[in-house]
Each structure stands twice: as structure tokens, then as C-alpha cells.
Amino acid sequence: MGPIQRVLADEKLQSFVGQEVYLHLETTNGAYAGNNPSGGMAVCAYIRNVKVKFSRASITGLGPYRAGMKMDGGWIYAEGLTDWEETPDGKLLFAGYDNEGRLAVSLEISKTPFRV
Amino acid sequence: MERVMVVLPHPDDETFGCGGTIAKFAKEGAQILYMCGTLGEMGRNMGKPFFATRETLPDVRARELEEACAVLGIQEIQKMGLRDKTVEFEDAHELANRIRQEMIRFKPQLLITHYPKYGVHPDHDALGYAAILAVKMLPKDERPLIYAHAITHNRMQTLGKPDVEIEIADVLETKVAAIRAHRSQSEAMMKRWSENTEPDEAWKKRMDQMMKKEVFWLYDADRLPETLW
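For the protein sequence lines, the chains are A and B, in the order given.
If you count the first sequence from 1, you need to add 12 to reach the working numbering.
If you count the second sequence from 1, you need to add 72 to reach the working numbering.
Pulled out of the complex, with its shape left as it was, chain B reads as follows:
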């Protein structure tokens, strides 16, 4: 892959779910454009101990985003200026049109976005929907392949085995450095992880998986439903 476009709504989505995959593409010399929907303005994590406020959080997260993207090897970040938690209330066709304009310019061979209705966070569902709608608006021979990232617990049961499984051992240090760059969002989690006294087995298992491999489902844009909800 020479040109990869990533469309996700929050600073840190690119790191937690697909940081290893992005780092691998970057290492192989790919050009990577990240359209980041919001600045995660409504986030609850503010560091541990907290060092941000509701009013400083967007600036803090914008800086963390720049740092994490530099670590991962993302060359171009485009902040879409949407607001956290509100993406699903915007006009999906308007959003799709903006994304499509960037696709026409950047000509990605691959799009990485969230799998609509499997994103858990409504912003994930809504921006994933808009990004895939943008692909659907392109002529068939100009459409990028779509790696859709699914998060819900039922994902394996309803979607089946992932179409793409990427082992990330060779870029793990890069992914961990990007996670640490998102300090406001990851500090509490990384303390919990490194202390090794975690009683929650399921949480530990999820963390171990996140550090081992990243999985995606291929999405056929023609199968996108008429509306999200």
C-alpha cells in the first residue's frame, strides 16, 4: 500500500485500534493521511493525576495527536473540526462529501475506519458510516479497499472471523510510544497495565490482545445501509 487514508473521530482512535497497522504501513514507506473528526472535547480521562480541564482538554489532545502521529509515521493530519459526541447528529451526506473531496485529492488505495454499528461509541459509528458513504460515492474503479475496525463484544459472532489479522510484534515499541503520547487518555490505563496487580482478567486479556495484533473486516461499500440508525 502506498497511500493509506485513516478516518476516525477521536485523537487516540488511530493509536489504540490500529496504531500497529499504521506504523507498519509507514515503515514500508506509505503516505498516510489521517482525517481526525474531533478533538475528543468531551473526554472523561484527563491524566492520572488529572492535568487537564474541560476547557484545556481539546488543546491538550491536539498536541498529543501531533506527537502520536509523528511517532506512528503519519505525515498529514487533517482536523475536521467536528465536536465530540455530535458526529451522528450532523448531515451524513455533507460529511461524506468532505471526505470524498479528500479521497479525490489523495487517491488512497486503502481506507481505515470504524465498522458502522460495531463501533460502540456513536461517533465511531457515524464517522465510519460517512467515510464508507464517501467511498460509495466514488466510481468503482477509484474506490479504496476498506479495512473496517469493529469493537463490540458480539463482533466475532455476527461478522465472523476478521478478514485481516495483523501481527504487530515488530512495531510494538512504536505503538506503546504512541499510546504514551496520548498521555491524558492513557496514563491511568498504562499505570494499571504496568503495575501487574490487575484483578480484572477480561481487561487484561483485551490489553494483551491490543498489544499483539490488530484485526479488521473488509467492508463492501455497496452493502452500506441507507441510514445509520
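Isolated chain A, as found in the complex:
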């Protein structure tokens, strides 16, 4: 993975418009975030291998970046994206890493199912 090049990443994401694709979408602040004296909560949500189809898509912002995809009657959204990668088998991976190198958010698109 490397830093997001917004214009290029935007083009790549748009190449998935109108097709049925698999989605992984996740956000987390780590399983230990609840275990500190200041009273934080551990928060995480993910959805993996759900089939989606979107009609509009773009990467926006000045970095960290945002992604938005418009579906028939719904939306897919991620904020805080810093890095990206196109895998050799055509998966498009985006993630947001914090200053400590920890993953905080992840958005991935693939034409074939993700490994489970």
C-alpha cells in the first residue's frame, strides 16, 4: 500500500461503476480502546463480502480522503482514507492508517469474493 493519489484512485474506483462487486467496509479503534482510564469505548463495525452495485463513485478531499458510492436507494461511505493499492488480481483496497500505523478504516472493492 502507498499514499492515495486522488485523481488516479478516483478513476480506478469509477471503473467499478455499474457492475456487481463485492465490498469490504470496516472501521475500528482497536479492541483495547475501552481499557483506558479516560473512559474510551472500543468501537468496531465491519461488513465483508456483501454484493453491491453503484451508479456514481468518487474520492474527494485534500487528504485524508473520503470515498462515496451512490447505489439504487442507498450509499456507501468511508472517511479517513490515507493509503491504497490495486492488487494483481484486480482488487481495489483503500485504508486509513493513524500516526502509529494502525488501521482505522478500510474500504475494499473486488469482482470476486474476498477470502473468509
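Note that these hints are calculated values from the structure, not bench results.
Do not rely on the hints blindly, as some may be mistaken.
[Stated by the list, open to error] Simulated crosslink set (DSS-like; lysine-lysine; CA at most 25 Å straight-line):
id: 1; chain 1: B; residue 1: LYS151; chain 2: B; residue 2: LYS233
id: 2; chain 1: B; residue 1: LYS276; chain 2: A; residue 2: LYS82
id: 3; chain 1: B; residue 1: LYS151; chain 2: A; residue 2: LYS82
id: 4; chain 1: B; residue 1: LYS285; chain 2: B; residue 2: LYS263
id: 5; chain 1: B; residue 1: LYS120; chain 2: B; residue 2: LYS189
id: 6; chain 1: B; residue 1: LYS285; chain 2: B; residue 2: LYS189
[As the list claims (entries may be wrong)] Computed Cβ-Cβ distance ranges for the label pairs, DEER-style:
id: 7; chain 1: B; residue 1: GLU148; chain 2: A; residue 2: VAL128; range: 33 to 41 Å
id: 8; chain 1: A; residue 1: LEU105; chain 2: B; residue 2: LYS284; range: 46 to 54 Å
id: 9; chain 1: A; residue 1: PRO125; chain 2: B; residue 2: ARG116; range: 30 to 38 Å
Quick caveat, the model's predicted, so the values are computed rather than measured.
Every residue gets a Cβ at the ideal spot worked out from N, C-alpha and C, and that includes glycine.
Fit chain B to the known structure of chain A by using the hints.
Frame of chain A; chain B shown alone:
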């Protein structure tokens, strides 16, 4: 000003940033149309203690919007039906066209909207951009003046002093009543403000400023960039 159009994306944007200004125009007898982009469906504040859920929040905020607008003296609200956090992913020209149609009908002399790229929230940037694009699409002699509301910390450094500074002492009660009308969004903040035990000086200063004056920059629609990002 006899006809003022306000284009902002979230219920409460009209109150926190420019409620005093709107109340003043209303008091002077202006007609005010508010195009409100979304219902703030993705908001995190739900009252303190919370009384809304992710699913009831849009209805709660729509009611709060009606109440706050009645307090401020806004006669016409148009809910645009966009969704919170997604405005920047819509087609800016389509949005601008909808806003332009309303401008042709309502003929505002003044537009109040967010300053693109100085809005902090992406919805602010995107709807401000679309509203100014709508102005740019009008013939020059039909264009309203634009008061652009900037929020980012660097606003003074990069934009210079505001072109318009409006003292709101004479309508402060109205602004506070409108803030309270947005109960789901303001309850926690107003508790913090009234308890007077706030340790965060910068936050206190921002609150004091918000209750004292509202500032805007004039935006020349011809200077609007080709794309937002």
C-alpha cells in the same frame, strides 16, 4: 435586503453560523427562503441524555428545523432531500441547476451559504460550491450578492479580514431560542456553556464569539474554481 436566500446542508447550520444575521433581516421585514440540503441524518448528537436513534433522528431534526426557522423568522423552508455526508458525491451541476431554478423564482438579492473549502464539513463545502455555481449560471445583472460563511481555523490568515461583520446583541435572545430549538444538537453544548465550569478556553472563546457577532466574506461567483476538489 428584501429577499434573502439561505442555502446550507444541515438543520442547525442556519442557526449556529448565521441565526443572528437571519433574525435581523427578518426583523427588518425581509422574505427569507431556506434551502436545507439534508436532515442531518448521520449526526452524532442525539440530546443529553440522548432521546433520538439513528432511525428517528431525521424526523426529530426536521421538527427542530421547523421550530428554529419559526423562531428566526424564516418564512419558507425547502428541504432538498439530499443525504447527510453525501452532498459532495452528487453531481454539482445538477444541484446547482435546482438551486438556480429557485433563484429564478425567488429572485434573492442576497445569498447566504458556506465558503467552499472553508466549511470544515464536506457537505458545507459541496453545497456552498453548488449554490455559488448556481449564481455563476445567472446573467450578471440577476445575481445576488454572496455572503460566504467560513469556518476553518485558517480562515483569517488566508481570506483576510471578513468583509461583513454583524453584531447580533439586539437579536441574541432570538438566536439562543433557535439554538435551543435544535435540542438534539445543542443540549449537550448548552449545558456545557451554562454550567460555567468549562476548562477549555478556546471552546469558551468560540462560544462567546458565536453569541456576539457573525462574519462573512463576499464571494465573487466568477472566481469559483472549475471543480471543488
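Status of each hint after checking the structure:
1. B:LYS151 / B:LYS233: Outside the cut-off at roughly 33 Å; violated.
2. B:LYS276 / A:LYS82: Violated. B:LYS276 to A:LYS82 sits at ~39 Å, over the 25 Å cutoff.
3. B:LYS151 / A:LYS82: holds, 20 Å
4. B:LYS285 / B:LYS263: Cα-Cα ~21 Å, so holds.
5. B:LYS120 / B:LYS189: Status violated; Cα separation ~31 Å.
6. B:LYS285 / B:LYS189: Distance ~22 Å between B:LYS285 and B:LYS189 Cα, so the pair holds.
7. B:GLU148 / A:VAL128: 33 to 41 Å: With a Cβ separation near 52 Å, B:GLU148 and A:VAL128 fall outside 33 to 41 Å, so the hint is violated.
8. A:LEU105 / B:LYS284: 46 to 54 Å: holds, 48 Å
9. A:PRO125 / B:ARG116: 30 to 38 Å: This hint holds: roughly 33 Å between Cβ atoms.
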